[in-house]
Amino acid sequence: MSQIETFYDVMRKQGITRRSFMKYCSLTASALGLGPAFVPKIAHAMETKQRTPVIWVNGLECTCCSESFIRGAHPLAKDVVLSMISLDYSHVLMAAAGHAAEAAFEEAIAEHKGNYILAVEGNPPLNEDGMFCINAGKPFVEQLRHAAEGAKAVIAWGACASYGCVQAAKPNPTQATPIHKVITDKPIIRIPGCPPIAEVMTGVITYMLTFDRLPELDRQGRPAMFYGQRIHDKCYRRPHFDAGQFVEQWDDEYARKGYCLYKVGCKGPTTYNACSTVRWNEGTSFPIQSGHGCIGCSEDGFWDQGSFYNRVTDITQFGVEANADQVGMAAAGVVGGGVAIHAAVSALKSAQKKTQTQVSENEEA
Amino acid sequence: MSAPTTDAPILRESDANAADMATATRQTSVYVYEVPVRLWHWINAFAIMVLCITGYFIGSPPPTMEISEATYQFVFGYVRFAHFAAGWILAIGFLGRMYWAIFGNHHARQLFFIPLFNMRWWAEVWFEIKWYLFLEKEPKKYVGHNPLAQLAMFFFITLGVSFMIVTGLALYSEGLGHDSTLYALFGWVFTAVGGNSHVVHTIHHLGMWWIIIFMIIHIYVAIREDIMSRQSIVSTMISGTRTFKDDRVD
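Read top to bottom, the protein sequences are chains F and A.
Take the first sequence: its letter number 344 is residue 344 in my numbering, and every next letter is one higher.
Take the second sequence: its letter number 90 is residue 455 in my numbering, and every next letter is one higher.
Wrong hints could be hidden among the right ones.
No farther apart than 30 Å at their CA atoms in a straight line, the calculated lysine-lysine pairs in the BS3-like style are these [stated by the list, open to error]:
hint	chain 1	residue 1	chain 2	residue 2
1	A	K610	F	K353
2	A	K610	F	K13
3	A	K495	A	K610
4	F	K170	F	K113
5	A	K506	F	K349
6	F	K354	A	K502
7	A	K505	F	K13
8	A	K495	A	K506
9	A	K495	F	K257
What the simulated footprint calls covered on chain A by chain F, stretch by stretch (three residues with Cβ under 8 Å from a Cβ of chain F suffice, anywhere in the stretch; the number is not a length) [what the hints assert, rightly or not]:
hint	segment
10	434-441
11	535-547
Everything labelled a hint here was simulated from the structure, so no lab data went into it.
Here a beta-carbon is modelled for each residue, glycine too, at the ideal position from N, C-alpha and C.
Work out the full structure: start from the sequences and follow the hints.
Put into structure tokens, the structure is as follows:
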């Protein structure tokens, strides 16, 4: 077996000074929510451990995960993680093409069998034997199963791999299926989002490689350190929510004042992600900061939750598009009308009974 | 003590004239609803009122108010606070009601079960349906709930309120955080609906309308029965005693 370099080796080769390396270790520790005591531990692991290969496969997707990933805010983190990944095979980044690329893929799998982390971007469509997504002449689902066999753990990048995303939205004609329904025998960590935040992606990979285990996951298999709170919980517009100051329309005065976007459909209160803390593009901004509500892209089935611009969204279970209030009011209206009619008939019946009793009493008399 | 004789005067002559005497009947009354049941009923009614109003506003907030800077204004915060406080009162009250179903009298248990295999009971449900469809001339007398009422209570209140408490506490636990005890207890609700908490908001909202529909029917039927049936209804939930308007057996 060929000697695999340590992370530190890789970094030094890229011209990174030890000082920068230590900075990276402390930054990573704080990004992962670890105390200062972990900085030397991370440094030690990086200096002594052989780098763990990552094989990255792409199914039915839009490549926004890869695009997000290569825009990591901390260039060092990005370089390190990129160098960990077996770039011999990555649809977005590899130099090879055709048979050479596929050969490299097989080689990487054989060489690191049982050791590599499989990162899956996108998902397999299962309808028509998977023919809606073909990689190298074969359905993607076959490549996915094959690559998962020798994997130590699997990362589900983005909403596609985690939940299905837009291609799995109703009526899901290709039967696009989140990967946990295809790979059932490996630990899967979900990094949902459309796309996920770059720092979250690099942070999770760094954690897994440094500590050789999955980070703490929540009920849905997401890393708790990044998906433990809702956008709403740490939103900088939250004081306006509590005050009851909302944007009523997109171009109104309240929108200019930066009030809460709850009434124009912000899904921050139901979305678990780190956007309001980590933010995007080197911490520049995030959707709510730029004046648009959260669309809930890191939540299961977010395309099927009705409009992005309503708080009480439409539900289609009743055959028509109506929200809970319209359905409820219609039902309450029908019941209320029924009650009114019933009351009227009851009154008539009582009156009739009274008359009949009087008539019979008169007859008796 | 000797049993009261039926020919003893029912009313004092100084108070009632001959016409009153003609319509007078002897009344039987039974103590049905004990203090905890009545107390629960009215606290519950008040909590549900608060929950429906504040809950509706949480889905569709009132117009933006600029009373002062956000730091000093807490309008929506108070709406939510009222909702959560009333929700806790409803939840704890329901627990207390369950306790009383075990330790109270047998009428207190009616809310929590349906005698599914009792054919006579089902026959009486059918009788009550006919009474409400104006197909029966005279209703029967019941000390507790009539069978149709029991059925409605079970589905609207026992199941309906339980559903609202469970989904409500699940949503509330999100605010407390994933590491809270309440989330450990109710986090499964999100898994059950597929993971997206927006779905729980929607079904919780639909549940409100379920309860409102119950309120419409409940209040109408209580008043109607009080007027048209052979027994007291509304006052029974105040005094606890069921009085019957006649002495005839069904």
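Going down the list of hints, with the structure as the test:
1. A:K610 <-> F:K353: Roughly 17 Å separates the two Cα atoms, so the pair holds.
2. A:K610 <-> F:K13: Judged against 30 Å, a Cα distance of about 98 Å means the pair is violated.
3. A:K495 <-> A:K610: Given that 30 Å is the threshold and the Cα spacing comes to 21 Å, the pair holds.
4. F:K170 <-> F:K113: violated, 37 Å
5. A:K506 <-> F:K349: Between K506 of chain A and K349 of chain F the Cα gap is close to 19 Å, so the pair holds against 30 Å.
6. F:K354 <-> A:K502: This hinted pair holds, its Cα atoms lying about 12 Å apart.
7. A:K505 <-> F:K13: The hint is violated at about 92 Å.
8. A:K495 <-> A:K506: holds, 15 Å
9. A:K495 <-> F:K257: violated, 61 Å
10. 434-441: Per the Cβ count (6), the hint holds.
11. 535-547: As far as the segment 535-547 of chain A goes, the hint holds, because 5 residues have Cβ atoms under 8 Å from chain F.
Hints 2, 4, 7, 9 from the earlier list are contradicted by this structure; the remaining hints agree with it.
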